[in-house]
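Whole structure, please, built from the sequences with the hints as guidance.
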Amino acid sequence: MSGVSQTTGNPILGFVHRRRRGAELFLLVLALAVGIGAYAAVGVGVEGAVPTDLIGYGGWLAALVVGAHVVVRLVAPYADPVLLPVVAALNGLGLAVIHRLDLTEDTGFAAQQLVWMTIGVGLFVGTLVLLRDHRVLTRFTYTSGLAAIVLLLMPMLPLIGNEVRGARIWVRLGPVGMQPGEVAKVLLVIAFAGYLVLHRDALALAGRRLLLVDLPRGRDLGPILGMWLISLGILVFQRDLGSSLLFFGLFLFMLYVATERAGWLVVGGGLFLGGALVAWQLFSHVQTRVNVWLNPFDYYGPGTNDTAFQPVEATFGMAWGGLLGRGFGGGDPGRVPFAESDFIMAAIGEELGLTGMMAVLVLYGLIVERGLRAALISRDGFGKLLATGLASVFALQVFVVIGGVTGLIPLTGLTTPFLSYGGSSLVANWVIIALLLRVSDLARRPVPELTAADDAGDQDTQVIRVAR
Amino acid sequence: MNKPIRTISVAFLVLFLALMANVTYLQYWRADSLGDDGRNRRAVDAAFSQPRGAILVGREPVAESVPSDDRFEYQRTYSQPLAYAHVTGWYNYFNAQSGACSTCQRRIEQTQDDLLSGDDDRLFVTRLVDLLSGETSEGGNVALTLDPAAQRAAFDGLRAVLGPEGQGAVVALEPRTGKVLAMVSLPTFDPNRLASHDLTEVSAAGDEFDADPAQPLLNRAIQTTLPPGSTFKVVTAAAAIENGLYEEGDDVPGGPTFQLPQTTGDTGLIDNQGRSCGATTVSFTQAMANSCNTTFARLAIEVGAERMREQAELFGFNQQYFEDLLPQATSRFPEEANEPQTGQTGIGQFDVAATPLQMAMVVAGIANGGTVMKPYLVDEVQSPEFEQIEQTDPEALSDAVSSSTASQLTDLLVATVDEGTASPAAIPGVQVAGKTGTAQSGQDDVPPYAWFVSFAPADDPEVAVAVMIQEAPGIERGEIAGGLLGGPIAKAIMEAVINR
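If you read the protein sequences in the order shown, they are chains A and B.
If you're matching positions, the first sequence starts at 1 in UniProt numbering and goes up one per residue.
If you're matching positions, the second sequence starts at 1 in UniProt numbering and goes up one per residue.
Read the hints as simulated data drawn from the structure, not as lab findings.
Certain hints may be false.
[Said to hold, decoys possible] Here are some of the chain B residues that sit facing chain A, going by a computed Cβ distance under 10 Å:
hint, residue
1, M1
2, S9
3, A11
4, Q27
5, R30
6, S33
7, G35
8, R122
9, V125
Virtual Cβ for every residue (Gly too), placed ideally from N, Cα, C.
As structure tokens, then:
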């Protein structure tokens, strides 16, 4: 593998990463202070008293987070020390904000979300314990891909498929509903990484040069065209602009990283723009979204159909928050429909202000940066692609949803990772963090004997050949 | 693969920076303009939940915010709603929503909104203290120039003549300063109904007032211009004396009839409805006392259209001069008039139209030795703790006539009360100067308008009054006369001010 052969000659390999588990624990205490402090502040701000269940709630949150930390310490001792605290802070803040909305909207989402967080942390632990080497996942390249496609198709099925607010992205089995797209995105990253690590040479080397850009051969366009069609299908049939953009962008970035050829970005970007343009021409719901984005105030208030009620109320709310926010209980975030899920950033902007928004954006930025750092120092191509893909999912999702809520780009329905109310999303994101920790753990671990590394590489290659 | 990873790292950095820049733009730069947007329910709710300062007359609040137990924390209430409605206006959810609406009716609640709501820069220190001590910010108070006794006399007097359906207005000014001592317009309305927290009730009341043909929301004191009729003879006399044509002791042209130049027949024939105005000439005093049309039509022609207009404009015609209530109608004197038209302007007809405020300013200017003061309604603004922050300084609008002309006009007007048409305004023991007016509406089915202007005491004027009666139901057309209807109202107001 070229990745390995490159790095063996690198003098930096003499450097041994420290485990930094103590630092992680310290940061986790800070993260808990954010989560529990925010919960207490909600009680004081909205009801005028510290919540009576603060100790029980805080204890549960602390137990989850410290439990995760202990497992990391045991099974992934070299894992990145920043990721877990950042995620704990975001999840804790999200719970507090959902609880705050519960208090005025008379709902019970926060308790439900805490259950989902518990399941999420459980899966996080399970992933780390069972998956001692992420390269095992290369065995499941096509299984993952197939599973992802099945999951993506599920909302289209009769009986279990479910349309919510115009987007057909829900599956409902009895009382339990889920958004399979959230799980599919993890599987897609695994499938892409496995596929690309095998075929990157063909995709990278063949082709012709045109106008300073290396364009790929026609016959290699199959996968990208397939992915493009799937994305367009999601856009058209499920009316899910966000997921469509997310999946296609993800594939494009991973293709670019695997092949190191900017030409793929040109081809993919062109395809996406073309597809989006055609979709805009053909489908009224896409046109509506764009119009609402460009002139939200034309679709708000008496005399209009109020299509822009949600984004305009969110805009008013965030502006009302200003620099420092109104404080928990000081704003009126319940005016924005679905403030606890897609529009949770509007609630944060209103009550925690620009300061709170910036803090959240920086936390997301840290997750992306830590993910990409794991990709950079990872010693195997699959790990690099996996970490890059997972970090890209994060970056794209955050950009699409927060950009949509704040009016930078047209609004699309996506959850805000770790903050929004929603089980599928929360659980899937905890698994993503587990995978990133696993990649970084292997990357930061002291290099084993060179011969052993070569063996491992050979075995991997053989395993994949058998699988084919 | 590290090079493309670094490249997309930079790309993601750009995406995040774009998000941060956009959020900063939204929450910092656009925050103020979005907060001012009338559709922003958060801002409107917050503004509407704030305790507003009081509007004070004397020491009594005529508008104040009292705690309320419904979804908004304070209810705006008006303690003497009918008498003060056109001055205070009202404050409700829709007012809070419309913000700085430039086309709406704006009374004290709106023109002083920044101060009453506590947003005014003059309250900066108060706001800062509130912020640091964690107290709810309160608005400042506005003390009006109105005199409660004069306002009460004006409202009761006008209401007694007009009944609940009639239309008319009264303005009283302090000649020395331009303070508005009384301002009443009928028919009136109850601002409490428009300030209710029940928005359906507010809309219903608003629709009802809007649909009423008598237009109760109209402040006739400043928003209705009508021909001032004989009260305008004061301006004509001022122009004649000021331009050196006559003095108070002179004889002026008179006679029972006067045919306007360039006219023949009844349409151009002016008479005195039987009042004695001499054979060919008459003393200036008698001409004013008997309100001789033949005299003042000729005086206006002798003065000339141009100088008539200059004199009228010095008194405030064709100008805007009052800032505390908006909008106002501009009182008109025609830009151009031929000889017969000029003759008609001399007796307050043709295209001459004035608001009651304007006619009050004419007599107040004469009472003040010829200097017309700019009228104002806001006497002082106060902090939430009733400490004075700023007091309005009286300001001269113009020197309309010399003090000698003013004193001659005063003598003429005193004679008009003592022995002429304005006698109903006479107050025993006090010298009163006054002038009546009965103006033709120019329409057959609309009765004439009755006017009365006066000031007292003549030697040291404390109050100048204008009464306008647009429509008095139940009173026979023949009985509509400025002196009979307006005189007693003016008298009551002057007495209220003099005896305070």
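Structure-based check of all given hints:
no.: 1; hint: M1; in the structure: 5 Å, holds
no.: 2; hint: S9; in the structure: 5 Å, holds
no.: 3; hint: A11; in the structure: 8 Å, holds
no.: 4; hint: Q27; in the structure: 4 Å, holds
no.: 5; hint: R30; in the structure: 6 Å, holds
no.: 6; hint: S33; in the structure: 8 Å, holds
no.: 7; hint: G35; in the structure: 6 Å, holds
no.: 8; hint: R122; in the structure: 23 Å, violated
no.: 9; hint: V125; in the structure: 22 Å, violated
This entry does not satisfy hints 8, 9, going by the numbered hints stated previously.
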